[in-house]
Structure formats: C-alpha cells, structure tokens
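A.B. asks: These protein sequence lines are chains A and B, in that order. Residues in the first sequence are numbered from 0 upward in steps of one, following numbering that gives the first Met the number 0. Residues in the second sequence are numbered from 0 upward in steps of one, following numbering that gives the first Met the number 0.
Take these hints with a grain of salt, some might be off.
Capping the alpha-carbon separation at 27 Å, the derived lysine-lysine pairs in DSSO-like fashion look like this [said to hold, decoys possible]:
1. A:K78 <-> B:K358
2. B:K245 <-> B:K334
3. B:K268 <-> B:K245
4. B:K198 <-> B:K158
5. B:K102 <-> B:K158
6. A:K78 <-> B:K268
Computed Cβ-Cβ distance ranges for the label pairs, DEER-style [stated by the list, open to error]:
7. A:A64 <-> B:G386: 17 to 25 Å
8. A:T91 <-> B:N399: 28 to 36 Å
9. B:P449 <-> A:G158: 39 to 47 Å
10. B:R226 <-> A:Q65: 57 to 65 Å
11. A:R98 <-> B:G206: 37 to 45 Å
12. A:A141 <-> B:H210: 44 to 52 Å
13. B:R270 <-> A:G158: 45 to 53 Å
Worth flagging that the hints you see were computed from the coordinates, not collected in a lab. Just so it is clear, CB atoms sit at the ideal spot from N, CA and C, and this is done for glycine as well.
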Amino acid sequence: MKRSVSALAVTTMLAGALALGACSKKAQVADELPPQPATVADNGPPPGPGPVDTVIPGSNADFLAQMNGRNVIYFDTDKYDIDATDAAALRTQAEWLRRYPTKRATIEGHCDERGTRDYNIALGERRANSAKNYLVSVGIDASRLTTVSYGKERPVALGSNEAAWAQNRRAATITID
Amino acid sequence: MTLLKHLAPLLIAFVPAAGFAQEQQVVAPPPGAQGAPAQADDEGVLVGTVTGEGAWQDLGIAIPAFATNADVATPANTGGTAALGRELARVITADLKNNGLFKPVGPDSLPKPSFAEITAPAWGSWTSRSAEMLVQGYVRANGDGQLTVGCYLYDVQLKNELIRQGWVVQPSDWRRAAHKCADLVYSKLSGESPFFDSKIAYIAETGPKNHRIKRLAIMDSDGANHRFITNGGATALTPRYSPDYKSIVYLSYINGNPRIYVYDIGTGKQRIVTQSSNPTFAPRWSPDGRWILYSMAVGGNTDIYRVSAQGGQSTRLTDNPGIDVGGSYSPDGSKIVFESDRSGTQQVYVMNADGSNQKRISFFAGRAATPEWSPRGDQIAFTHIVGDFRIAVMTPDGRNVRDLTNSWQDEAPTWAPNGRIIQFFRTTRNSGDTALWQVDLTGRNERRLPTPVGASDPAWGPVLP
C-alpha cells in the first residue's frame, strides 16, 4: 500500500525543525563564516560581459543579480531549518518570483562531504523542501517550484574544513529561463 | 573426455554468459611422457613456515607454473598454453597473497613441474624448500576451443593429495579457472566459503572535486577485466550487482533528477525501476533477486519501499518523519537492517521484511550508517561516524561493536561473498580523492584495490556458479 505523507506531518516536522533551529549554533557560525557570494558557483553562468543593465529582466541572470547571493541559504550540520537570515533571503526570492509570475524555479539541496552518500541525498532533499515550503508559505504557488537533491556530489567550497563545509550545506534557488 | 563432451551442451544451456562449468571428476593428465625431474632451484626456498602452533595462514604454499600436455596456441595467451600455465599460477598466488591470508610462493621463483608430475609430485623438491602445501595444476587445450584446467592441492609433509578439481572454460574465462583454484585451496585450508571467483561493481571517479565525473564500472574481484559501463555524461552512484550478475541496479541523474535504474549487462539497456515524480535512491537487491529495496523522498521525507525487480506497485515499509534510508536483507530474506535518524541522529534499525517490528539496534557512541548484513548472517557491517568515519561490524543484536579501520573517511562497506572480508571506499581529506580498500574481520589485513582511476561505492557480488 502506498501512502503519501500528510500535510500535517510535514507541518509538524517543519515546526519542530524551526524550534530546533532556535537553539542551534548557526548564528555563531554565521558570524565567523559569512557566506561569500563571490565564491558560490551556484549562481550559474555569470551575467554577460556587458554592463548589468543589459541583463534581461525576468531572466535567471536578472534573478541572480537581484539576489546578490541571497538565492542561496545555508544550514547547520545535519539541520534543515529555516532561520531568520534564511527567511529574509527567501522573502527576497519570493518578491522576485511574484514580479515574474510566469517564471518557475528549481531549488537544489546540498550537503557537506562529512555525511554518508545516501543519507546526504535524503538530507539535501529535506533542505530543498524547507526552502520550497517557506516560499509556498509566503504565497508562491507550489506548482512553480521543483526540488532536486545533489547530496554531497556538488560542493562549491573545496576544502575539508568547517568553513568549506558551512558553504556547502545549502539550498540554492535557480530560476528557469 | 566423454564426460567433457557430455558437459559441453549443458554449459551453453545453463551458463551461456560464463561458458563455464565444473568437472565433477577431474580427468588426471595421462601418465604419458615422463618429464625430467624438477630442477633444483635454491631461490625457491619458502619462508615463514611454522610449527604446529602456527595458524593456517602461515602455511608455506608453493604454487609452481601449471603444466600443459602440449604447448599449443590459445586465444587466452599469446605465448600458448605453457605460458598460460604460468599465468594461472600467478593469478592464484596473487589471490592468496593479496588478501593477507597466506604467504604463497609463486611460479616465478619455483621450478616448473612436468605434466606427469602434476599427479605425482616430486616430493623431495618441495620438502627441500620447506613447502608445507603444494598447489599444482595443468591446462589443456581441447579440440573444441575450450580449455580444461585441473587444480590439485597436496600436503607436502604427509605426501598426500588433499583435494582436486577441474573446470572447462572458454579461453576468455581462463582467469575464472585460476580464481576457482584459489577458492578451492582457500576453502580447503581455512574451512571458510570461497570468494575469489566473484565480481565488483563500483563508481569510477575522475575530475576535480567540484566537477567530478562518476561512471558505473565493473571488474573481477582482483581488479582484472575492468570495464566502464556508463560514459560519465550523468552522475552515477551506489551500484549493486544483481545476485545472478545479469544486471546492476544503481542511481543515475541521467534525466536531471536522482532515479534508480536497472542496467542489463547483456543488452546494455537500462530501465527505470519505478515511475515517480519523487527522487528514488539507495537501491538494494533482495538475496533472491526478486525484489528491490529503495528509498524515496516525498515532500522532503525519505522512507524505504520495496518493489518487484520486474517493476509494478511499490510497498512502503517505513512511515516515519525521520530519514529512513538504505536497507540490507538478512541472508534468508526475512529481515532488513536499515538506517534512520528518527532518534535525532543516524542509527541502525532492524525490521521484518514486511516493515513490521522496527527496532533500533545501535546504542553506542557516535552515529551508525550504511548497514550491510553479512552473507553469513552473523555480522552487520556499517559506517561508524565518530568524528572520523570508520568501517565497523556488530552482531545483529547491536553488540560486539568493533572498528576495523581508522582513517579520515571510510564508508560504504560491502561484504565478500563469504562474509569474511569487507570492501569500502576511503576519501582523502581536502583532495576528495577516493579509492577502494578492503579489510578482513581481524582489522589487521587492510589493502588498497588497484583501479584505473578514483573509485567509490563498491558492491561485491556473490561467487559465480
């Protein structure tokens, strides 16, 4: 027999995660390790060679330029809760998505290398869904949003240290041109 | 010879892929032309022999070149059957040596017995080298293009034959005859089940850490007959050989999203296991090959499902807001060991094959992930996350935990078919380079497997029939 997870279960899970997040060490880590948009490869192809005002409004290049790094949110080890910083970034994403209501987006969930492969695929899926659920909660139609987990397969920071891992535990939103 | 002719159609009927069968009664080489006595060769003195207190692993085993009745051309070796006989002995020596089980001396430092001596060893030559055990054999090219390989194990001190067996193989399968001989020797001397004549599926890795190319690949248990299956265009992960070696279930991002596929080795075609808009991953076969376990994330929540290997309706086995993932059947198929973070961290659980009676079994320091039930049933191997990642084993009740490795990141254990050796992959800090390793249950014999490029996610299949 096949059953889907009830909406209630998801909501409960999310609420629990949020409560958990309140006492996490994320804030401290974030202070010493601010995500550095310049090094984040999730921004996809960089804006073209021309000046910024040639970016086509409503394109993914426009989205990335407008987000200025806020297309990516970061997570603590093994966590997938949305904290205040993440929420602010996601609201900025939502504003853009409301401005271009025909645009769809994919949210990629990622993990650091310090997890086993299968578990990390599941954890990346949790993270992508946390971001998606928040966007839906602020009014973005769920049918416009898809998720994909890459587990630990696509790191952006290449070291094996806490600073690198913090950059790799992320959910990155990409809009579809 | 009549027996061989009688067997030939059976080979085609039952094992067409392998073209390989076991001769029930070895036809001993005809006691024809008596060759010259083996040359005295002082280089071949065996070392490391022990008294009666020694373990069987310390036995001095001499493995001279296999003889041939007539040195003729064979597709198996450009040097003919005589050169092939030496290669057979080399493969057997490498099998027994590389697994840390024995200290054999191979054909390159031993005299070569004549064909007639295969069934009548020159005992004096071997006692003078302090050999305790002697592995001799022969290879014969048959009229039908196949090869017959005979393998004999002797106790030198007792001047006694312990066991013999023979196989008829296609020339392309000559290494399998060597592995069968190594298995025969290993089993006879250790009392354990064989494992050398088996294959490994794994993921071949190339390219930089942030743009790694991951390809499905297969090889024999000793690394020979290596073959890439996928071209690297899509990330491939976590393969598992089907118990009959006809197919491999694995994860591919070929359509942009993680989904599990069954790749048919014979046809080179693959099919998706279950159509779903949700990601499916962590596929595993049941021991009888009839079922596939997989994990699926719905709305971000991962549970374990079971589907017929032929496809069709899936059955959900876990229903929990935590991540339930992986899964490995007990050898009798009645239970499944899996991983869940429902307690807050990754831990190991056991349930009945229908999903009932889920119980946590890991209650020790650290996290426990990727459990794999031994083919013997007596142990569960897993990744023990205690800061670093170690390969560990425990009994199925969660007791007697032992870490077998101690490196920065060792993960994803897979069992040798006899449940006495574990393969895993090791990641190098910073570079992210990966390699296959194996360790025995003592934790003392650890070695790296040779692969052409980086390697991860090993999956050891059963002993070939």
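A.B. asks: All the hints need checking, so say for each whether the structure fits it.
C.D. replies: Status of each hint after checking the structure:
no. : hint                          : result
1   : A:K78 <-> B:K358              : holds, 24 Å
2   : B:K245 <-> B:K334             : holds, 25 Å
3   : B:K268 <-> B:K245             : holds, 12 Å
4   : B:K198 <-> B:K158             : violated, 35 Å
5   : B:K102 <-> B:K158             : holds, 20 Å
6   : A:K78 <-> B:K268              : violated, 39 Å
7   : A:A64 <-> B:G386: 17 to 25 Å  : violated, 41 Å
8   : A:T91 <-> B:N399: 28 to 36 Å  : violated, 53 Å
9   : B:P449 <-> A:G158: 39 to 47 Å : violated, 29 Å
10  : B:R226 <-> A:Q65: 57 to 65 Å  : violated, 48 Å
11  : A:R98 <-> B:G206: 37 to 45 Å  : holds, 38 Å
12  : A:A141 <-> B:H210: 44 to 52 Å : violated, 32 Å
13  : B:R270 <-> A:G158: 45 to 53 Å : violated, 40 Å
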